[in-house]
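Protein chains in written order, with the numbering used here: chain A, 1 to 81; chain B, 1001 to 1144.
Hints in this document: simulated from the structure, not taken from any laboratory.
Since this is a predicted model, take the numbers as computed values, not measurements.
Using N, Cα and C, we set each Cβ at its ideal position, and we do this for glycine too.
Be careful, since some hints might not be right.
The calculated lysine to aspartate or glutamate pairs, modelled on EDC-like cross-linking and capped at a C-alpha distance of 16 Å, are [to be verified]:
(1) A/Lys67 x A/Glu13
(2) A/Lys39 x A/Glu23
(3) B/Lys1055 x A/Glu23
(4) A/Lys12 x B/Glu1047
(5) A/Lys39 x A/Asp58
(6) A/Lys12 x A/Asp61
(7) A/Lys4 x A/Glu19
(8) B/Lys1055 x A/Asp58
(9) A/Lys67 x A/Glu32
(10) A/Lys12 x A/Asp58
(11) A/Lys4 x A/Glu57
(12) A/Lys12 x B/Glu1130
Computed footprint of chain B on chain A, listed as stretches where at least three residues anywhere in the stretch have a Cβ under 8 Å from a Cβ of chain B [claimed, not checked]:
(13) 7-19
(14) 68-76
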Amino acid sequence: MIIKVLFFAQLKEAFKASERTVEVQQGRTVGECVQSLLKDPGALHLKGLPMCYAVNEDFVDENWQLKDQDSLALLPPVAGG
Amino acid sequence: MHITHQPIPVEVFLKEKPADLCGASVYFIGTVRNHHGGRFVIRLNYECYEVLANKEIARIAREVQEKYYCSTVRIIHRVGMLEVGEIAVAICVSAAHRDEAFRACRETIERIKQTVPIWKQEFYQDGTSEWVLCGHPHEICYDF
């Protein structure tokens, strides 16, 4: 199945893109998908960075099961205000 | 909408009349300061996940309003490149009494800093820049 991954802040810099379309196996969870993404050589320095996730514009946890055409956002620590 | 890419028109914000039942309005204006952690900051870049940031700010406004019996909780956050002294965030809380208004305003800004998907990149005088790490939008974070 195909999903869209959204990157922000330091993740956008690491992946040199604000989004990427990726193919993942049916039944994959958010956590499994992220682990695979972080094997990208440009993202190795992000190991240990706490992250949260949103799928289709709602917060989810790492066990959330992805579906075809989902939009997964990787959210590094925030700093508004 | 709570996110803007334009300068925040704070004078308009201040002119709005609170409801007749309100005896107190507390305003918080957050501006870009020129230092952080001993380093000289020359500007900031705020980036956000706009759809989710708007949803999360609306949730904070609604929950604070209910918790402190406020008549109004208005929040505007600017994103994009901001110079030192510019307004990054403006909050107005109106309630029947000052105690609720002060506490509600304080909780609003603290929750914005902890949970809204907005990211801040500081640019320093020495030519370097860094993403500032503050809070996280979910209680459970995952380390990989």
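A quick look at each hint next to the structure:
no.	hint	verdict
1	A/Lys67 x A/Glu13	violated, 26 Å
2	A/Lys39 x A/Glu23	holds, 15 Å
3	B/Lys1055 x A/Glu23	violated, 28 Å
4	A/Lys12 x B/Glu1047	holds, 11 Å
5	A/Lys39 x A/Asp58	violated, 25 Å
6	A/Lys12 x A/Asp61	violated, 21 Å
7	A/Lys4 x A/Glu19	holds, 7 Å
8	B/Lys1055 x A/Asp58	holds, 9 Å
9	A/Lys67 x A/Glu32	holds, 13 Å
10	A/Lys12 x A/Asp58	violated, 20 Å
11	A/Lys4 x A/Glu57	holds, 12 Å
12	A/Lys12 x B/Glu1130	holds, 13 Å
13	7-19	holds (count 4)
14	68-76	holds (count 3)
Hint compliance for this structure: hints 1, 3, 5, 6, 10 are broken, all remaining hints hold.
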